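Colleague: Okay, here's what each chain looks like letter by letter:
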Amino acid sequence: MSSSSFNAFAMAQSQFDKIAEMLDLDQASRDLLRTPNREYHFNIPVRMDSGNMQIFRGFRVQHNDARGPGKGGVRFHPMETIDTVRALSMWMTWKTAAVDIPLGGSKGGIICDPHNLSLNEQEQLCRGWVRQIARNVGPVTDIPAPDVMTNAQHMLWMLDEFEVIFGGRYPGFITGKPVGVGGSLGRKEATGYGVIITLREMLKELDIRPMDTTASIQGFGNVAQHAIDLYHQLGGKTLCVSSWDQEDQTSYSFKKNDGIDLEELRSITNSFGGVDKAKAKELGYEILDGEDWLKQEVDILIPAALENQITRDNVALISEQVKIIAEGANGPTEPAADDEIKRRGIQMIPDLLANAGGVTCSYFEQVQNNMNYYWPRDEVLGKLDTKMTTSYIAVSELARQKNLYMRDAAYVIAIGRVVQASKDRGWI
Amino acid sequence: MNKKKKTRSELLLQELREREKELRCIYEIDEILSQQNLSIEELLSQVVKVIPNGWQYPDICFAKIDYDNKEYCSGQCTESPWLLKADVKVKDEKIGVVYVSYSEERPKEFEGPFLKEELDLIKGIAEHIKRALQHRQLKDLFDQTQDVDPREDEWLTILELLRNTDSPLLARLSRKMTNFLFLGGSEEAKELLEHFSPSYKEDDSGLVENLNQPRKRIAIQDLLPISEKVFQIAVKTLGKNHTLKAIQKWIREEKSSFLVNVLGDSKSSLNDISDAIGRYHHLDPTGTELSVPRQKAFRVSLVRRMLSDQTHFINVAKNFFNVNDFYDLLNRVITPAKGSGKLGGKSAGVALADKILKSSYKHKELFANIKTPKTWYITSDGSRSFLVYNNLEEVFDQKYKEITQVQFEYPHVIQVFKNSHLSPEIVKGLSLALDDFGETPLIVRSSSLLEDGLGAAFAGKYRSVFIANQGSKQERLIELMDAIAEVYASMFGPDPIKYRAERNLLDFHEEMGVMIQEVVGKKVGQYYFPTCAGVALSKNDFLWSPRIKPEDGLIRLVPGLGTSAVDRLGDDYPALIAPGQPTLSVNASIDEKIRYSPKGIDVINLTTRSFETIELRKLMGEVGSEYPNISQVMSILDQDRFRKIMPLFDNLETSNLVVTFDVLRKETNFIKQVGAMLNVLEEVLGVPVDIEFASDGDNLYLLQCRPQSYGDEYEPVDIPVPASEESVLFTANRFVSNGLLKGITHIVYVDPVNYGKLESREALLNVGRAVGKLNQLLPKRCFILMGPGRWGSRGDIKLGVNVTYSDISNTAMLIEIARKQGSYVPDLSFGTHFFQDLVEASIRYLPLYPDEYGNVFNEQILMESRNYLEDILPEYAALADTVKVIDVPLAFEGLELSVFMNAAQSRAEAHLTKPSQNDSDEPLRRAHGIPATQTVNHWKWRMNIVEKIAGHLDAEKFGVKAFYLIGSVKNASAGADSDIDILIHFHGTPDQKADLLLWMNAWSVGITEMNALCAGIDPGSLLDVHIVTDKDIKEGNSFAIKIDAVTDAAKLLKMGHLLKSHQEDIDLK
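Chains A and B supply the protein sequences, listed in that same order. The letter at position 372 of the first sequence is residue 372 when you use this note's numbering, and the numbering goes up by one with no holes. The letter at position 151 of the second sequence is residue 151 when you use this note's numbering, and the numbering goes up by one with no holes.
Simulated from the structure, these hints should not be mistaken for lab results. It is possible that part of the hints are untrue.
To be verified - Derived coverage of chain A by chain B (criterion: at least 3 residues anywhere in the stretch with Cβ under 8 Å from a Cβ of chain B; other residues may be distant):
1) 110-124
2) 175-187
As the list claims (entries may be wrong) - Calculated lysine-lysine pairs in the DSBU-like style (CA-CA distance at most 35 Å, straight line):
3) A:Lys18 x A:Lys402
4) B:Lys742 x B:Lys399
5) A:Lys277 x B:Lys757
6) B:Lys296 x B:Lys267
7) B:Lys757 x A:Lys281
8) B:Lys85 x B:Lys49
9) B:Lys773 x B:Lys672
10) B:Lys757 x B:Lys599
11) B:Lys644 x A:Lys277
12) B:Lys993 x B:Lys948
13) B:Lys399 x B:Lys522
14) B:Lys355 x B:Lys240
15) B:Lys742 x B:Lys498
16) A:Lys256 x B:Lys618
17) B:Lys85 x B:Lys123
18) A:Lys277 x B:Lys522
19) B:Lys757 x A:Lys256
20) A:Lys279 x B:Lys523
21) B:Lys599 x A:Lys188
22) B:Lys176 x B:Lys338
23) B:Lys139 x B:Lys123
24) A:Lys255 x B:Lys599
25) B:Lys644 x A:Lys255
26) B:Lys240 x B:Lys89
27) B:Lys64 x B:Lys139
28) B:Lys757 x A:Lys323
29) A:Lys188 x B:Lys666
30) B:Lys364 x B:Lys672
31) A:Lys237 x B:Lys948
32) A:Lys237 x B:Lys599
33) A:Lys281 x B:Lys618
34) A:Lys277 x B:Lys618
35) A:Lys277 x B:Lys123
36) B:Lys993 x A:Lys188
37) A:Lys295 x B:Lys599
38) B:Lys338 x A:Lys255
This structure is a prediction, so every number in the text was calculated from the model and none was measured. The beta carbon of each residue, even a glycine, is placed where N, CA and C say it ideally should be.
Required output: the full structure, derived from the provided sequences and hints.
Modeller: Printed below as a string of C-alpha cells:
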C-alpha cells in the first residue's frame, strides 16, 4: 500500500478541536477530551488447535465515562492500530451524548485475522480478552458490543466468561445478544425507525404533512427497509431506492412513479439488500443508474448505504425540490458537499442523530438486562420514539437558536453534555 | 414414413425384450446352479421352475427335466404336440433330458411355435445343467477324499471317474504326471514319455502320421490305457498321498485353463473373456482354489485387457482386484461385436479407487458407507466402431487441422454425431442397462484412454451429460443414445485437441469408453439431486490461511449435483474446506459466510427431464424440509448468528437459510472420511489424487478418481533481497503457492481503474479479445497477465476481463488485482475447471492486494514504460489506456522479470533480475511440468538461433526492411525435425538479394549440422527463408499476409543489435 499517513485519531482530534473552538472550551476540558481517559493494552495467550500457544494483542480504550458506563464494540482486525481504536472510542462518546443516553464512549479490539482462526480458537480468544480486562469492564463500568468481524456468538462467549469469573448472571455486561439470552426485541427495526422518527419531527417543524411528501432512498438493506416501512406508515411515498447488484458489481436505482411497494420489493431482494433486476423490471420498476436516486424530484433524500456518497461532484445533481436529507448511514456526506447543502438551505439530519436508533436500542437492551425485566416490542419502540424525539428537539432548538448547521449543533450538544458532566464530577 | 419407422423400432424393441428374457433366464439358472449347499434334487426342481420365463409365452409354457430316473416339472404335467427337448450328455452318454412345451397353439415361428433363439436357449440350459452336475460329482468326490485318509485304491476310483467323465482331462493329467516324474529322474517315466510326445521317438514316420490325424483323439486313445500305468509308477515313486495331492492340484488348475487361453490370446474379444470368466465364476465362486502365482497372472492379464496397460496402474491394481471382481464388472460391460477395447481411464480409475478403499483395514469402519454408484460401461472401441458404422472415419483427421478450423467445425461434428446410429450390439447392451437402471437419472461420462492418465488429467475436456431417464423405455433409450453420441463428439472438440497438442499427445490413438453411471441422489418433489457433492484434492494449492499447508488437501463442496463444484461459474461459490484443517474456514464474518455461500443448486428436473440450475431459495420454497439431510447442509441465520435447523420449530419454507455445511463438518465424520480417502488413495497410488464424490445423506459415493496434477515446480523458493527498491514490481501476501518463474519478458497489464471506466459492454469485451490475441502473439510462458478482479468473468464482466482458457493459455502467470473500491475488495477467482486448467498448464495464479498494509505495487513501472499494444495490435490501439504491453528487456536494459513464491512465508515477490545464462529452457520446462524434453529444447534452441541470425544481419547492406519469424518456432511448438520459417521483407537490388540468400544459406548449413549433431535428426536444410517485397505486402500475396495478420502474425525480430559488438570484437582483435 502506498504509505498514506492517514490517521483516524488525528482526524477525530481535529474535528473535536473545531467544536471546542466553537464552544470556547477551557484548556483542561480540551486536554481531557482530546485523549482517552484510560487505555488497556494486554496480551491474550491462546492455546491453538494444534496445541501450540499463540499470543494475541488486545485493547480496550475508555475515552470518557463521565455520563455513565462506557459503551462500544470489540473489533477483530488483522491491521488494528491503537489510534483507530482511540478515534472510534471518542466517536462513541459523542454518539451516546448526542441522543442523551447515560453512557460513555469506549472501543476495544484484538489484532487477529479470523480467517486464520477456527471457531474454537476464536472462542478462546474472546474468553481470553475478557479474562484480561474483566476487572475494568462490566455492566456498571464499560459495556462491549459486536463490531467488525464479531457477532452475537462472540458476545455470548465473552458474557459467559465474565459470568464465570464473577459467579453470577450479568447479562448487562454486553449487548448485541440474541433474544432469549438477554437480547432486546425491536433491535432490527431500531436504526431505520430512528431515522424516520427524527424525519417526522423535522417535517412537523417545517409544517409539512408526511403524506404530502415523497422520498428517494439509497440502499435497500436492513436500515433502508425499516425506514421505508415506518415512512410509509406515516403516509409518505418512496419513489426510488437504489441497491447494490452483486452480479453486475454496480448499483442500480429502482423507480416507480406511483411509489414502490415495500413488500413486493422485499420479496425479490436477497439478504444483502440486492434487488433482482429482472424481476423488478417485470414488476414495472424503472431500472436506472446507481446514482440516479440522488437526482429524483422528491422532498426527502435518505442515504442509507455507505459513507461518502454525497460528494462535491454530485451534490449539484440534487433536485431543487429536495428539502431534507436524513443520514441513515454513517458519514454519507463529504464535508465538501456539506457547504453546498448549507448554501442551498437543504435541511440536514446528521448521522450522529438520525442513525442513533441502534445505540439507543443497545442501551435499552442493557437497561432491561440490569432490571432483568423485558419489554414487549412495542414498548421498546415506543421508548425509542420518545428518546429520539427528545434528542432531535434538543439539537434542532439549539441549531435554530444559535443559527447552527444541524451537524454542528449535534456535535456541540454532545460535546457540551460531556464537558458538563466532567465538570460536575470535578474532573475539569 | 413416420408410422412405418415406429413399427420397425417397435419390432426391434420386442425382439430385444425377448433376448433379454432369454438372457435373464440363463442368469437365473446359473445363479441357482451355483448354490453349492443345495442337493442335486433341490437344484433341478428349482431350475425347472424358472425355465418357462425364457420363452415367448411363459403363461402357457411348461418345462420338465428328466434325470436319474426322476422327473422334475414346472407345473401340471400335460402332453402337448408343441414340444422342444434337449439332452444332457456327458461323454456322448445321455444322462438326462430337458423338455419345454406349450399347452396351446401359437403362431408359427422357426420350429413350430418356437423361435430359433429358443432352440439355442434350451441347448444352453442343458449344457449348463451338465456342467453343474459334472462339477458337483468331482467336488463330492474330493470332499470325500480330503478329510479321510486315502484308502488303498482310492486314487484308482478317481481315475476311473475321470476316465468316464472327462477323458481329455485325464490325458492331460497323465502327461503332467509323466513330466513331473521324468523331471524327478524316474527312468520308467522316460519310457512313458515316448507315448506322449511323438517327436521324442526316433522314428520320423510316426511324426508324419500323427500330423495327419486329429492329435487330440490319438492322444486320448493312446493314453487312456497307459494312464493307469503312469499313476502306478507315481504311487510307487511319490507315495499315495502325494500323488493324490498332485492330481487334486492339477485338476483345480485345469479348471481355469480355458481362462488362461482366452486371456493369453490377444485376439479374444471381451465377450470371450466375459464368457470365460463367467464359467470360471461358476466353477469357483470364491476364487480360492487357484494357486497364488496363477491368481496373480490372471489379475494382471485381466487388468491389462480391461482397465489399463500403464505399468504403474497394473502394478497397483494387481494387488487389489481378483478375478471375481471382473466377473461383476463384465456383467455390466457393453462392447461392440468382437470388441476388445478397454473401459478407459475414468472407469479404471474409479474401479481401482473403490477396491483400494474397500480393502483399507485401518479405516474399515470409517469407509463402511463409501460406495460407488451402479455403473455400466461401453468399451473404448465402441467409439471407433461408432465412427466406422456410420462411415465417419474422416473425423479422425480433425486433430491435425488448425485449431481455428476445429473450432469452426465442431458444432457440425456434434450434429453429425447426433444424427448417427450406434451399432445394434451396443443398442442391445444399452437396452439391458436401462432395464437394470430403471428410471433413475443417469450421467453419461467420457472415459477415454488418455483421460486420467498420469500427468494428463484432461479435466472437463470431454463431455459428461446428465439425462433424466424418465418415460417409456424407447424414449429413455433414444435419450441415452443421444447423450453417448454427444460424448463421442467431444473427442473432436477444439479444447481437447488443443490440450493434446500442448502435451504431444495428438498422435496417441485416442479411443473413448463411456461410463453410464446412476446419478446419486433422491427424488424430492419434481427434482432429483444428492444432499451434497463435490471434488476433493490431495494437494491444496489454494491456501487461504498460512496455517493451511498444501498437504491439508481441499474439498469443494456444493449442495445438489457436483457440477458447480467442478465448473467455473461467475456467480456462485462452492464451500471450500481443507480436510487437514477443517476448522479453518475461508470466510470468517457472517457477511462473508452469506456472500460466499452457494446460492444455486444443480438438479435434475424429472418433469421437464432436464438438468437445471435453480435458486436454492426457490427450491426451499417448493420442497422445504423434504430436502434430504437438510440440517447438514444449511443453517438458519437467526439474530446475527447461524444456528442448526430445528425441524420441530423451524418453518423451512420461510426461514432465512444459508448453506454452511456446519453440521456436516462438526457432527458427522464426512470431512474425516473424505480426508482419509484422499490419504489412502494418495498413499497407495503414489500420486496426489483428485476425486469426485456425492452423498445422498446415507452413503458417500465415489464418482471419479484421477491423479492430481501437481509437480516438482511447486517447490518453495527463498525470496532474494531485491537489487533495489525500484526493481520490485509487486509483492503479495495471500494465497501464495510455491514456485519460481524466471525469464518473463513481457507484462500485459489491464489497468483496473481505466477498465472500470470503460462504458460500453462492447469495449469491455474488446479487452478480452485483445488479451486473447496477445496470448497468441507474445512468447509462450514468457509473459504475465495482470488485471482487475476475476479473470474469466462471464456474465459480470465489469468484475474482470472476459476471457476463456484459450485466451490465456500461453501466459506464465495470471494475476488478479484486488484494489479496494470503496469498502469492498473485488472477489477472487476461486478455483474451478479454469483453475485446474491453470494448474495443469502450470500457469501460476496470484492475487494481489495492493491496498493491504505491507504490500508493494510498483504501478510506476507499469504506467511509465512504453506501451507496445499499438505496435502489436494496431486494431486495438483505442484500448491503449486500458491494456498495456510492456517489453521488460527493452524497458529495463535487458533485465527480465522473476516471480519468487514461498507458501510457508505466505509471500511472493516479482523482481527485475538479470537474465540467467545457463537455463534457457527453464521456464518452459517448468511450464510443462516435465523434465526438459526434446521438444522444449528444440524450440528454445531454434528461437535463440534465429534471434542471433537477426541480430547479426546487416539490414542496410542486404536491403532488408524487416525480419520476421513465422511457423512452429514462433508458436513454440517446434520439434527436432521442424525447420525455421523466416520471412524477410526485402527492398534491395537483385545483387543484394543474391548476397542475402548466400548469407542465409551459410547460416542454414551451419545450424543444420548443429541440429543433426544434437538431435540426431537431419531433416534437410533447417532454414526456410521466404522473401517478400513491398508489392507482396500491399497485395497480401503468399506469406506476406502473415505480416500484421490478426492471428498467428509473423513475429518481428530485432535486426543488427549484435552487429556492433560483433564488429567491435573484430576491431579489437
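Colleague: Return the numbers of the hints above that this structure violates; sort them in rising order.
Modeller: Per hint list: 9, 13, 14, 25, 31, 35, 36 and 38 violated.
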